[in-house]
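6 protein chains.
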Amino acid sequence: MQLPELVALALAEDLGPGDLTTKACVDPKLRGLGTIVAKQDLVVSGLPAVREVFAQVADRRGASASVKHHVAQGDRILRGTLLTEIEAPLAVLLEGERLALNLLMKLSGIATHTRAYVEAARAKVTVVDTRKTTPLLRALEKAAVRHGGAKNHRFALYDGVMIKDNHIAAVGSIQRAVERTRASVHHLVKIEVEVTSFDELDEALSAGADVVLLDNMSEEQLGLAVRRARAQRPEVLIEASGNMDPDRIASIRDLGLDMVSAGGLIHQARWVDLSMKLLALPERA
Amino acid sequence: MQLPELVALALAEDLGPGDLTTKACVDPKLRGLGTIVAKQDLVVSGLPAVREVFAQVADRRGASASVKHHVAQGDRILRGTLLTEIEAPLAVLLEGERLALNLLMKLSGIATHTRAYVEAARAKVTVVDTRKTTPLLRALEKAAVRHGGAKNHRFALYDGVMIKDNHIAAVGSIQRAVERTRASVHHLVKIEVEVTSFDELDEALSAGADVVLLDNMSEEQLGLAVRRARAQRPEVLIEASGNMDPDRIASIRDLGLDMVSAGGLIHQARWVDLSMKLLALPERA
Amino acid sequence: MQLPELVALALAEDLGPGDLTTKACVDPKLRGLGTIVAKQDLVVSGLPAVREVFAQVADRRGASASVKHHVAQGDRILRGTLLTEIEAPLAVLLEGERLALNLLMKLSGIATHTRAYVEAARAKVTVVDTRKTTPLLRALEKAAVRHGGAKNHRFALYDGVMIKDNHIAAVGSIQRAVERTRASVHHLVKIEVEVTSFDELDEALSAGADVVLLDNMSEEQLGLAVRRARAQRPEVLIEASGNMDPDRIASIRDLGLDMVSAGGLIHQARWVDLSMKLLALPERA
Amino acid sequence: MQLPELVALALAEDLGPGDLTTKACVDPKLRGLGTIVAKQDLVVSGLPAVREVFAQVADRRGASASVKHHVAQGDRILRGTLLTEIEAPLAVLLEGERLALNLLMKLSGIATHTRAYVEAARAKVTVVDTRKTTPLLRALEKAAVRHGGAKNHRFALYDGVMIKDNHIAAVGSIQRAVERTRASVHHLVKIEVEVTSFDELDEALSAGADVVLLDNMSEEQLGLAVRRARAQRPEVLIEASGNMDPDRIASIRDLGLDMVSAGGLIHQARWVDLSMKLLALPERA
Amino acid sequence: MQLPELVALALAEDLGPGDLTTKACVDPKLRGLGTIVAKQDLVVSGLPAVREVFAQVADRRGASASVKHHVAQGDRILRGTLLTEIEAPLAVLLEGERLALNLLMKLSGIATHTRAYVEAARAKVTVVDTRKTTPLLRALEKAAVRHGGAKNHRFALYDGVMIKDNHIAAVGSIQRAVERTRASVHHLVKIEVEVTSFDELDEALSAGADVVLLDNMSEEQLGLAVRRARAQRPEVLIEASGNMDPDRIASIRDLGLDMVSAGGLIHQARWVDLSMKLLALPERA
Amino acid sequence: MQLPELVALALAEDLGPGDLTTKACVDPKLRGLGTIVAKQDLVVSGLPAVREVFAQVADRRGASASVKHHVAQGDRILRGTLLTEIEAPLAVLLEGERLALNLLMKLSGIATHTRAYVEAARAKVTVVDTRKTTPLLRALEKAAVRHGGAKNHRFALYDGVMIKDNHIAAVGSIQRAVERTRASVHHLVKIEVEVTSFDELDEALSAGADVVLLDNMSEEQLGLAVRRARAQRPEVLIEASGNMDPDRIASIRDLGLDMVSAGGLIHQARWVDLSMKLLALPERA
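Heads up: the sequence lines are chains U, X, P, C, W and A, in that order. So in numbering that gives the first Met the number 0, spot 123 of the first sequence is number 122, and the numbers just go up one at a time. So in numbering that gives the first Met the number 0, spot 74 of the second sequence is number 73, and the numbers just go up one at a time. So in numbering that gives the first Met the number 0, spot 6 of the third sequence is number 5, and the numbers just go up one at a time. So in numbering that gives the first Met the number 0, spot 59 of the fourth sequence is number 58, and the numbers just go up one at a time. So in numbering that gives the first Met the number 0, spot 202 of the fifth sequence is number 201, and the numbers just go up one at a time. So in numbering that gives the first Met the number 0, spot 270 of the sixth sequence is number 269, and the numbers just go up one at a time.
Bound-form chain U, shown alone (with noise of 0.2 Å):
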């Protein structure tokens, strides 16, 4: 979904046929400024959805927003800091506020609690994230990962390969999985194989699996994997996943890996503090 969409229904949700304490309060005409500032220490996502809450909630009016960013998505500001100015009808204001705070909080969120994984990592290992996200939202959440400082994944199931155990025992050996799957995609894919033991390692490299993951594996069951895998493959890439958090990141980045993936850098954040103010103009000559 693209960001006009979801905006559209998300706007759908919150305003429906309409705000009925605005529409009973607040004359149409009426100017105003919000302010967004931030009430903690964090890292910044969600700023093009900002912009376009504003300009729907406006257009729905016929009236239009201004909206000015002092800050850029990924930069780490401090409490205190100001994010962003609207100007926009006083109604406009009102009735975006909400949405555009649950999308800015959720979304820095995500952003700052991936920076604590990647600060974990001291670049020695790449973090990426993987397919658990909030659905319909994945596209933004895997934006602000990346405003956190790690990478993507694969989007969904349909851009990149990854063969599960299931997909193993649907055809009866790595080897044969690999081969089916290489004759069935294009030739850009990738081919990736999850893996829980030395055993399927060693048969996944031999298959000829572009990317080996290691899931589940213990801190010294990884450093082993990392150099049997190397000394067969070289060019092979290696990742780790199971349980990842900046802990255990922390322990693991030595060991030679190329990537650990995180669930968590979406699904354990929590969204952080902002707050709206906003303010009356006066009317323009």
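In short, the hints are calculated from the structure, not lab data. Keep in mind it's a predicted model, so treat the numbers as computed, not measured.
Under the rule of at most 27 Å between Cα atoms (straight-line distance), these lysine-lysine pairs were calculated in the DSS-like manner:
no., chain 1, residue 1, chain 2, residue 2
1, U, Lys67, U, Lys276
2, C, Lys276, P, Lys189
3, U, Lys67, W, Lys22
4, P, Lys189, P, Lys150
5, A, Lys150, X, Lys28
6, C, Lys189, P, Lys22
7, W, Lys189, P, Lys22
8, P, Lys150, U, Lys28
9, C, Lys189, W, Lys189
10, C, Lys28, X, Lys67
11, A, Lys22, C, Lys150
Following the hints, complete the assembly by docking chains X, P, C, W and A onto the known chain U.
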């Protein structure tokens, strides 16, 4: 957004033109059994979404899925409990697994998190949610709040009136804001006014507010405000908000408030841990 | 449905793949002036729809339309009054004419018809509408009711509670119906109970109904019911319904009712008569 | 718009996120029987819409509705006649009742109103409708016109040609308008020309119009125009329009016209009166 | 489907979540110039689609595209001719290039292919298309046929009547099929009957068919059929079909037919060859 | 676009508000049998679309269609072969016939045309398609290519990387383009670089391209390029493009290329000839 539309859009996000791996490896005729098991103690929410996901994925393939839930929405269950069995083509299980779990883990996370707030309230005060919800998932998240034992505040801007400082500023006084609103909305809508001082409280009460929201008051102020309000308008409903978490709720639950509202029910909740195991089934004769 | 979507769907209905006659006969560069004139005395409603129609038709051709209204929503105007001038490509005027007039004639018909009910009430009782509206046009028709001087009842099933005989039968008593509803809805929703006898009235009042609807009572019964209700719960709102037309409203307006609701505001209204004249304009240098 | 889409949008309008009252009071497992009865003599139209409404409402709940019609589209029935029985969950009956009746009362109103025009014509002249229809309901309203015994004119701007004064002015003459149109449309489309004088009539006939529309002529003029046209082009179809109601139709039905067109079939029709009674059914063993 | 919707869906198909390569390599601020040049002689069709593609791609990026066409729809141009210049962000040119060319090459292919049929007819008989068109592209393909110099038959099943053998069999005779159709359709629709023998031709003529379609007759039969039809009903329109290609059209063009219809205008056309070159532009001061 | 949506939109195009002729002539209860027969030798593609068309048309009428295919996707069949029988209401057969055949003739045309390329390759080199496809039909056309024995290249801009001259120009060098792309895309995506000279080839190889595309090289150059590439990077995939037709493929198939890509598989294919015969069936007792 109704559940079927949400699931359809979320499948478009994750499946898009199709699952490359499953298409390559899994014979469409193979049947399988999926079992979802709790990996921690939790409160259940999201079961209808699980059913809808597998129904839609099966329908895309002209197949059917049989989903049997062993628990009910709102059940408190222990680690190791079997929640759900799904019998369907193995390909359907593989394609729907991630989305089903993403919804179930997120929503049960909210229900589980909410339970702590409700227990802190010991039925002395009603815990309610706010409009701080994940865009597009509000209906599901508000249901999860109910499964956790709390109640819902208004759903959106269109089904309840909440007069805040900016509305008041726009018309000049609480008195005028209440009057104009009463004249604007239909006669089945109650009017809530947010106040931050005793003066505002008095004005809201004399203006005929049906509900007052005491925002960001200290414990001591809350106690005084409740007595003051009850003295003037015994039937008025009194709600409090501002950084409500279980500890704070425990400390104010005996003050005579009707409700406390807490955005954190939803935005401070993390996903719970669930796993889904897949088994191939023998062919049916 | 928001106005832009309604107009887009209605243009799809009437224009579809295009206007065969205009395409054949009218040079797209020719400009024209359209004037809409009242052919009877009427109350105006539907002006924003006229603007939207010509804006969208013009947009389909990459052109623009300038719409100038000389009257306002709710104005009572005499036969012969000029309502609106539209300057646009002649082809746009021809393609949008029918839809614009269909909406304006229908909605002004409702506003005009409503005015008679409101005048019969002489401000002694408030006239409100019902959910008997044309499917998909409810928002526009309810606005027309306001332009005619009446007020709106709840918009739909989701923004107000009305407990009727079948709801009561389903739970066993008025008392239980009110209790269960109070526990189910959020705290900003009032509860209205429909009653047809004094026993039911008494039960609704003691159950704590916020509003009672006296349905299909005689003038005499209505008078007694109002006194009975005020004696028990002075603050309760009292509404009456059942074949309400201007004559009946005149006969009961002094009984002390708060509201009378009348589906006939909308479903007994006929379109008013309006005409649109088109003139070609000289080319602009 | 096909019927399923119209009903879906109309349910979104009236049910939206759900019926607050039914959700609170009615056990989803309770079954009920609804009966729709005529409260006046009428001509039936709208039965498929009733079926579709209850089917969709039931489907939203994963239930089913059994709809049995005892009358057919176009039947003339007396007050007190049973039109339809619906067996479904009581909640489904309550949620679909209003929309089903709104459509049935409106469409039967048109069929009933049309019948009076058709009877006035005594089969001497064909009564047809116009494009003055309620936006988005045209297909249903045009069907109601047929159920009332009249016929349909073109559906929309895209399936028939009607050359009016502004088209003629835009190209310079009736002759050129007909020529250009003939060259533009495919060869299965007939061309109708609206005329208001004998000169225009002569020009339309010699230009080869397939149909002429005599607009706003007096009874005497109509008689002369028919003879004049038949003398020149015996096979030409002749239609008359302009404030056609049953009285006027009765006075001109013997003039030899082929058709009279009347917008009033639809826009002067009021809803007929119908009621729906609901009964709870005992549980099925 | 209107052009904007078609282009939006086609961009969803080709761009989906975004162009991986352009996103990685091209600075969004870089501007570029694209030039589309003919690599063979051809007849032009598809220019508005090119404009729409770049407008929408630019709009997705909040940018604009300036599209300047140097040729017009229907122009016959030589190899090497410059058709179009597009100035836009280089990223927009890269993302829209393929879709724009796909449409332009396909539609110009049809216009070019059609031209050969029209030339073979030497204006002695009108060449028309059929309903054998690419699903979803019918409006564009029928426009391309006009640009190639031919004319359109009916657009679809809803805007013209064509009675074929199965319709006739279903009612029993040509006579009854024409009668029932005349009673069913509105009076601006002509009736065409497909015949394959002289008996059927006679029956269609006496039943009052407005148009007869002589299907799969030999050249000799066609000549006899035309004379037979003209003798009975001079004003009837006569169309022939059945494997019409330029050679066959040349051999029957003098037989007195009004029209020949040929599906091959569209389904035997191949894409023409066009190329688009891109240049980076210096930054604007 | 999934098949059901494509068919729904295509039916809206061809059926729109309904088939005038069938509605007038065919009793909805009449049942019929349709048989689709090859009128030339061909390779089959498009069978699921046929099934979907008749299912949807039947569903619009509350009826069902039984579609039985006697051939499979990719089968090479002789003129005269029966492909498919459809049993359904005769009206359904008439309304769905054109769309079903349009899809089947077009897609089988591509499969048949592709077969010639594949045979010319004699399994010495893999034939793949391009993004030169009919807008909105890409998924179906790419399936037809597979049925013809060739393979698919990337589906769209979002599921594979192809670095071309303009991307290279935008960043300054092949080296930088590959580096920036590697940093931007997830790790399951391979990178292909288009080259037109040996210098570019060398640069692409040393930059680490996973695949190189040799564009518009002569047979001699291709041979040299393959040896040069294999010498430097034995594992690199090598693709060639530029006016690839069966003759050219035959002449270069032994050069050691991995793949040749040819837009002509799709854009130079013409529809094959198929016919559908309809028979009325006796009523079922």
